Amino acid sequence: MTKIYETMVLLDNDVVRQDWRKAKAIVTDTVAKYGGTVESCRRWDERRLTYPMARKNRATFFLAYHDMSGDKIPGFRRDLELNELVLRYMMLAVEEVPEEERKLAAEEDGAEYEVPAPPEDDAIEIAEEEEVPADVVDLEGIEAPSALADEPAKSDA
Amino acid sequence: MKRRVRTVIGSKNCDDPVIDYKNIEYLEKFLTPQGQILSRRRTGFCTQCQKQLKTAIKRARHVGLLPFVG
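So the protein sequences, as listed, match chains Y and A. Numbered according to the numbering used here, the first sequence spans residues 2 to 158. Numbered according to the numbering used here, the second sequence spans residues 7 to 76.
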């Protein structure tokens, strides 16, 4: 049975910077591969994530409405999960495609639409650990506690 | 005896905006500073709307639009 689905896909900003069309094709081609028809697909937003995903702080959000047969869904999900450029996705069954979405997607498909370049701070900065020199820990100068020094050595007998 | 005053955030009749996981500005109103979902006593929603709110917030958390923790 064919249903209409709303799929939100989070894509790596590096791909969007390289080629916008290629980034969009990741979503549309995967839908087409599993026999679905894309009703609308557009860039919903580019924003900072509230928690890092795959060592990224920012992502581009794609919102796609498409129909697909129920038996193709597991394969479609698997394809998205295995794609390293897809940070995360969410798929929901909906009743119909909103008219506003169709309009916005049509505007975006126009030739004059320009994708704003994502900001540069999408990768997580990991602080480098300082290396501890080997000669810092020097135990030779440390004296034994007086209580231990005065204690007579125990004999085995 | 001093009576505690409780602030209700949501609307009682639940007629206002559609509860959708993409409507982040609206959903943020129903979270504590630590990121927890407010109770129905605080939101003022009916059972069905509170359930929709819970689902929408959890969906928004999954796609990184809302935080799990503050």
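To be clear, the hints were calculated from the coordinates, so they are not data collected in a lab. Keep in mind the model is a prediction, meaning the values are calculated, not measured. One or more of the hints may lead you astray.
In the EDC-like style, the derived pairs of lysine to aspartate or glutamate whose C-alpha atoms are separated by at most 16 angstroms in a straight line are [to be verified]:
(1) K28(A) x E101(Y)
(2) K28(A) x E47(Y)
(3) K28(A) x E126(Y)
(4) K57(Y) x D15(Y)
(5) K28(A) x E102(Y)
(6) K57(Y) x E126(Y)
(7) K28(A) x D15(Y)
Which residues of chain Y face chain A? A partial, calculated answer using Cβ under 7 angstroms [to be verified]:
(8) M9
(9) L50
(10) T51
(11) M91
Where a beta carbon is used, it is the ideal one built from N, C-alpha and C, also for glycine.
Now for the hints, and whether the structure bears them out:
Proximity of K28(A) to E101(Y) is assessed by CA-CA distance (about 14 angstroms); at most 16 angstroms being required, the pair is judged to hold. At roughly 13 angstroms between alpha-carbon atoms, K28(A) and E47(Y) fall within 16 angstroms of each other, so this suggested pair holds. Taking the CA atoms of K28(A) and E126(Y), the gap is about 28 angstroms. The hint is violated against a cut of 16 angstroms. A distance of roughly 10 angstroms separates the Cα atoms of K57(Y) and D15(Y); the hinted pair therefore holds under the 16 angstroms criterion.
A threshold of 16 angstroms between alpha carbons decides the hint, and for K28(A) with E102(Y) the separation of about 13 angstroms falls inside it, so the pair holds. Taken as a hint, the K57(Y) and E126(Y) pair is honoured in the structure, with Cα atoms around 9 angstroms apart against an allowance of 16 angstroms. At roughly 23 angstroms between alpha-carbon atoms, K28(A) and D15(Y) are farther apart than 16 angstroms, so this suggested pair is violated. A distance limit of 7 angstroms between C-beta atoms decides the matter here; for M9(Y) the minimum to chain A is near 6 angstroms, and the interface restraint holds.
Hint status for L50(Y): holds, given a least beta-carbon distance of 4 angstroms to chain A, under 7 angstroms. Satisfaction of the interface hint for T51(Y) is found here, the shortest Cβ-Cβ separation to chain A being roughly 4 angstroms, below the 7 angstroms cut-off. Nearest Cβ of chain A to the Cβ of M91(Y): about 5 angstroms, under the 7 angstroms cut. The hint holds.
The structure shown violates the earlier hints numbered 3, 7.
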